[in-house]
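Line by line, the protein sequences are chains A, B and C. Taking numbering that gives the first Met the number 0, I'd label the letters of the first sequence as residues 0 to 228. Taking numbering that gives the first Met the number 0, I'd label the letters of the second sequence as residues 0 to 154. Taking numbering that gives the first Met the number 0, I'd label the letters of the third sequence as residues 0 to 759.
Source of the hints: derived by calculation from the structure; they are not laboratory data. Since the structure is predicted, the reported quantities are computational estimates derived from the model, not experimental observations. Built from N, CA and C at the ideal position, the CB exists for glycine as well. Each hint should be verified, as a subset may be incorrect.
Derived coverage of chain A by chain B (criterion: at least 3 residues anywhere in the stretch with Cβ under 8 Å from a Cβ of chain B; other residues may be distant) [unchecked claim]:
#: 1; stretch: 128-141
#: 2; stretch: 168-178
#: 3; stretch: 211-219
Derived pair list, reagent style DSSO-like, types lysine-lysine, alpha-carbon separation capped at 30 Å [stated by the list, open to error]:
#: 4; chain 1: B; residue 1: K143; chain 2: C; residue 2: K318
#: 5; chain 1: C; residue 1: K295; chain 2: A; residue 2: K196
#: 6; chain 1: A; residue 1: K108; chain 2: C; residue 2: K697
#: 7; chain 1: C; residue 1: K123; chain 2: C; residue 2: K675
#: 8; chain 1: C; residue 1: K418; chain 2: C; residue 2: K603
#: 9; chain 1: A; residue 1: K186; chain 2: C; residue 2: K731
#: 10; chain 1: A; residue 1: K138; chain 2: A; residue 2: K60
#: 11; chain 1: B; residue 1: K143; chain 2: C; residue 2: K295
#: 12; chain 1: C; residue 1: K569; chain 2: B; residue 2: K143
#: 13; chain 1: A; residue 1: K147; chain 2: C; residue 2: K705
#: 14; chain 1: B; residue 1: K114; chain 2: A; residue 2: K108
#: 15; chain 1: C; residue 1: K331; chain 2: B; residue 2: K114
#: 16; chain 1: C; residue 1: K285; chain 2: B; residue 2: K68
#: 17; chain 1: A; residue 1: K108; chain 2: C; residue 2: K123
#: 18; chain 1: C; residue 1: K675; chain 2: C; residue 2: K191
#: 19; chain 1: A; residue 1: K147; chain 2: A; residue 2: K227
#: 20; chain 1: B; residue 1: K143; chain 2: C; residue 2: K123
#: 21; chain 1: B; residue 1: K143; chain 2: A; residue 2: K108
#: 22; chain 1: A; residue 1: K147; chain 2: B; residue 2: K8
#: 23; chain 1: C; residue 1: K123; chain 2: C; residue 2: K254
#: 24; chain 1: C; residue 1: K678; chain 2: B; residue 2: K143
#: 25; chain 1: A; residue 1: K196; chain 2: C; residue 2: K123
#: 26; chain 1: A; residue 1: K60; chain 2: A; residue 2: K108
#: 27; chain 1: C; residue 1: K594; chain 2: A; residue 2: K196
#: 28; chain 1: A; residue 1: K60; chain 2: A; residue 2: K196
#: 29; chain 1: A; residue 1: K108; chain 2: B; residue 2: K68
#: 30; chain 1: C; residue 1: K285; chain 2: B; residue 2: K8
#: 31; chain 1: C; residue 1: K697; chain 2: C; residue 2: K675
#: 32; chain 1: A; residue 1: K138; chain 2: B; residue 2: K68
#: 33; chain 1: A; residue 1: K196; chain 2: C; residue 2: K575
#: 34; chain 1: C; residue 1: K603; chain 2: B; residue 2: K143
#: 35; chain 1: C; residue 1: K448; chain 2: C; residue 2: K254
#: 36; chain 1: A; residue 1: K138; chain 2: B; residue 2: K154
#: 37; chain 1: C; residue 1: K331; chain 2: A; residue 2: K196
#: 38; chain 1: B; residue 1: K114; chain 2: C; residue 2: K410
#: 39; chain 1: B; residue 1: K143; chain 2: C; residue 2: K631
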Amino acid sequence: MNQSDRPDLVQTKLNTMTVHNLFLRRFKVVMVLSAMFSMIVLMSFAINTNRPFSDPEKVKKDSVASVKAFMEVYKVLMSARCLNCHPAGDIPLQGDDSHLHTMFPQRGKDGHGVYAMKCNNCHQPTNAPGLNTPPGNPKWALPPADMKMVFEGRTPRQLAQQIMDYKRNGHKTRAQLIEHARDTLVKAGWNMGEGRKPPPLTYPEFVEVWDTWINTGGYAPGNNAVPKK
Amino acid sequence: MINLNINNKNYELEVDPDTPLLWVLRDTIQLVGTKYGCGVAQCGACVVHLNGEAVRSCVTKASRAVGQKVVTIEGLSENNDHPLQKAWTELDVPQCGYCQSGQIMSAAVLLRENKNPTDQDIYNAMEGNICRCGTYLRIQNAIKLAAEMQRNESK
Amino acid sequence: MEPSKSIQNRRSFLKSSFLAGGGLMISFSVLPELGIAEKTGTLNLAGEWNEITGYIKITSDNIIKIINPNPEFGQNVMTSLPMIIAEELDVDWQKVVVEMGPHDSIKLGPQFSGGSSSVRMYWKPLREAGAAARQMLMQAAAETWMVPVEELTTKAGMIIHTKSMKSGTYGEFASKAATIPIPKGIKLKDVKAFNIVGKSKKNVEVEKILTGKPLFGMDYAHEGMMIAMIEHPPGFGMKLKSFDASQALKMPGIKEVFTLKLYEDGFEQSGFDTRSFNDLLVVVGKTTWEVMNARKKLVTEWEPAGDIKDIIGGRGGKKEVVVPGELESTTKQLEKLQAYASKPAELLRKDGDPETAFKNAAQIIERTYNAPFLAHNCMEPINFFAHVTDEKALLAGPLQGPGWSEPTLAKLLKLPADKIEIQMTRMGGGFGRRAYGHYLYEAALISKKAKAPIKLIYTREDDMTYGIYRPMYTATYRAALDANKNLIAFAVKGGGIPEHAIHANRFPAGAIDNYLAEGWQIPSNITIGAFRAPRSNFNAAAEQSFLDELAEVMGKDPIDFRLELLKRAKENPVGKNNEYDADRYAGVLKLVKEKSGWGKADNKKYHRGVAAYFCHASYAAHVVDMVLRNGKPYVERVFSAMDCGIVVNPDAATNMVEGAVIDGIGNSFYGKLSHKDGKAEQTNFHSYRIIRHSEVPKKIEVHFVKNEIDPTGLGEPPFPPVFGAVANALYKTTNKRHYNQPFLDPSTQQNTGENRKKTF
């Protein structure tokens with residue numbers, strides 16, 4: 000498994016990352032988790048964005064736990080809020096039903112659109128008020144043309160392999176992948192303006208399964224894996 | 000109180016900074032060439048240039064324009080002689096005319112970034128501008144004509 | 000000095016320069032290299048206007064102003080109607096200034112933009128006005144020079160007496176001419192001598208449009224003007240139960256919130272007084288954005304309105320109409336249409352013995368076509384300015400039929416008509432929507448109650464969900480063939496919510512021995528109104544695809560099949576009251592056949608569909624060339640043939656046909672307004688799909704039949720047959736007949752991967 004992972008590169012990048020991470024702020028999130036055992040467990044915990052990451056020794060390989068976590072991750076990544084900006088084509092998707100974005104804006108070289116149709120022409124730094132208005136974020140964009148990071152149409156196995164592949168994941172090391180879940184644009188998936196359905200997991204739940212998946216080895220599910228509804 | 004620079008003129012305005020630029024232009028400054036069509040960035044009738052980009056003023060807060068340069072259709076050219084305005088006249092593009100200022104403002108960004116646009120480039124730039132009368136084909140031809148005028152001017 | 004009456008006057012300027020002698024020289028230029036010039040401008044600089052007929056004003060400096068009587072909604076009457084006057088007046092078009100007239104049916108005629116009637120109904124009156132004014136000017140010159148008027152000629156605004164070598168401008172004689180009674184029975188120009196009509200002229204308002212000058216109702220400004228908006232019920236069949244405005248009133252800029260009844264109980268409505276909601280919850284404030292925000296703070300409770308009784312006046316006296324209170328849904332409406340289709344219906348026309356012919360048929364072909372409600376979606380949302388006091392009313396905004404609205408307004412405001420001034424601004428689209436003046440009445444009543452000048456604005460959502468839609472239609476067509484595949488009978492049974500679309504006396508009526516047309520309708524609270532070629536816009540889709548399918552079954556070329564029927568209709572017409580001229584109908588088919596290279600091998604790469612239709616006194620035919628582009632049907636080329644008689648302004652007319660073609664492709668592919676529990680499911684352009692740039696043909700070739708018939712209609716006739724031609728091309732492209740509009744409905748589209756269709 001994970002042949003596409005590049006520990007060598009991860010190791011090299013790690014040092015700079017760690018220094019950088021020292022400056023990152025810590026924050027706490029209080030969340031409600033509804034557990035699978037028909038019990039409701041109220042708990043509070045901290046998500047440490049500065050988790051000293053991922054020298055290979057810290058990865059506790061556990062393919063079962065890893066795959067299980069990824070199947071939860073997959074549900075989120077394939078939800079409209081994430082999928083819509085990781086389309087198979089060069090036009091983003093839109094809406095809870097992930098239809099092609101009306102007016103068909105193009106990705107452009109840098110992922111920020113083209114000509115009079117640049118993402119930020121409509122997508123403001125913050126959500127516009129009201130129903131059916133453009134959601135906003137300062138980083139609003141598609142992945143760039145040379146690194147499309149397509150989610151649309153990917154099976155769980157394909158998507159897991161793609162994300163763990165340095166060449167196909169936006170040149171992200173394990174540490175950067177962990178960090179990516181804390182990115183403001185990723186977080187924006189849970190705050191996309193009126194009338195839009197959030198991803199199926201809460202944000203802290205997502206971070207938890209994301210970290211678990213990566214920290215247990217970033218395993219890809221088998222060929223026939225199907226996410227539970 | 001906010002300060003805006005619109006068509007190279009400074010305005011000190013008593014408006015809520017969250018007000019969309021569209022309504023500041025139309026209701027406060029009475030620059031009504033920028034049109035309200037949908038209010039949700041779907042139709043392109045409200046396109047103005049914010050630092051040269053074709054923003055939809057109906058969803059762009061006035062605060063985003065503070066310290067920036069706003070250009071509206073009224074300020075696109077000094078003598079109504081932007082190549083697009085000339086080409087639009089030459090091909091007598093408008094029918095009702097309501098969407099045309101937005102169309103022109105979008106096309107202006109295209110022409111600045113691409114001196115010789117193909118049909119596909121035009122689609123990619125203009126897809127966000129609706130024309131209910133169906134003057135699209137003339138708009139596209141006028142863009143090509145304006146590009147030609149622009150190329151000839153710079154020779 | 001004439002007081003400035005129109006909004007154009009106050010805000011614009013005329014390129015002018017005073018000459019040393021005090022005269023005024025106006026320079027107009029439409030040459031692109033010199034920039035664009037204003038053709039309509041403030042004329043406050045001008046000296047005294049001498050009015051010569053209600054349509055023409057001339058100063059002593061020979062500035063010639065032509066008043067356009069009819070509202071402009073993009074059909075270009077601001078240019079084409081004055082061209083007609085200028086032609087007979089004999090002036091240099093470059094020097095003519097055009098101004099929109101106010102509502103004044105005494106001076107300026109019927110003033111109605113709709114039914115493709117503008118040029119048709121004004122053709123003769125305006126020619127006569129121009130010719131009369133020319134005659135009056137010549138009369139004045141003859142009297143001044145003391146020569147016989149018969150010896151005078153004119154050329155481009157000059158009067159010439161060749162014998163005495165005298166000449167003078169119209170301006171020199173304008174004040175004298177204004178005192179001469181308008182002559183009658185003036186000889187009009189020979190059509191062959193036209194030098195303005197028939198030559199393309201630029202839109203006189205193009206510069207204002209391209210530089211963002213205030214032109215539209217939305218742009219209208221008035222001292223002390225407030226903004227008003229109406230909070231409508233969320234769905235048809237609902238009304239306001241209660242509301243709490245306390246939070247809304249605390250919002251910045253808000254003046255007041257109140258309720259208002261549009262029509263009092265028992266009010267007798269005229270045909271264009273359609274309204275969807277009678278109880279208005281109104282918010283008045285300083286600016287548009289402030290009023291929009293305050294509306295969000297209104298706490299409202301709505302309830303079913305139940306059945307409502309309306310009193311509708313009309314030619315046959317007044318009648319009581321019950322509007323059912325049901326909260327309607329599209330799915331249920333479709334079931335209802337199906338159920339009603341098998342019930343007995345009203346007989347509209349019968350020729351021969353269709354029942355027996357169908358009984359004896361060797362083959363019967365039966366097909367049913369459906370189409371949804373459509374919203375007009377004018378780019379400029381509904382709005383109107385009103386300043387109403389106890390003594391008088393000033394109204395300004397986009398309106399297709401001021402003459403329809405003024406009597407109702409007078410009744411509602413209890414003011415005599417001469418105390419009501421209505422100004423028509425340029426309209427950001429109309430398509431029939433602005434023939435219904437409810438919003439003008441609403442604005443007037445709001446202004447009266449608020450005791451302030453107000454502009455009523457509908458948001459896009461208000462506009463789209465308010466109603467006055469194109470009705471929902473269905474029609475079942477049947478054809479009977481004998482054993483030799485001859486067409487022996489034809490029947491159509493059409494229905495709709497709340498009216499059917501059948502034009503019983505149109506083609507192919509008159510061409511088939513046994514013919515039957517029936518209609519039925521289902522009442523509804525969803526309001527409907529004229530929508531670009533009412534009824535025809537559905538018929539042409541259904542009938543023209545049925546004829547296409549019929550031709551295929553009969554083994555005939557679709558154009559030849561139609562021409563055969565038309566030949567029969569001309570040589571040996573069946574029945575009476577056939578509305579169309581078979582020759583002109585066949586003429587456009589033949590023209591489009593020739594121009595499109597129908598049947599030629601070099602068009603093989605295209606899937607071709609043809610359709611033709613007659614409506615609004617004109618004839619249109621299209622050949623649509625379709626291809627699959629990225630797996631999706633795309634109309635790449637269109638050939639159009641039109642017969643609308645004399646074409647006043649050819650390039651603008653071509654523009655109109657191009658627009659109709661694009662509008663037709665867009666609406667047939669995507670147009671749909673559906674309902675759930677009374678609520679419109681499409682509220683803005685994110686869910687109401689409008690055709691966009693990449694989806695329009697790369698080429699639309701428009702050809703006009705050249706003749707000297709007085710102009711007939713043009714705004715509507717090219718629109719309906721587009722639907723049929725598209726349907727027929729779709730069949731060739733996809734091998735599947737499309738019976739239900741919109742043809743590319745999202746529910747039928749696949750939804751994955753690169754080939755994902757453009758759906759909602």
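field: Structure versus earlier hints - violations, ascending order
entry: 2, 3, 4, 7, 8, 9, 10, 11, 12, 13, 15, 17, 18, 20, 22, 23, 24, 25, 26, 27, 28, 31, 33, 36, 38
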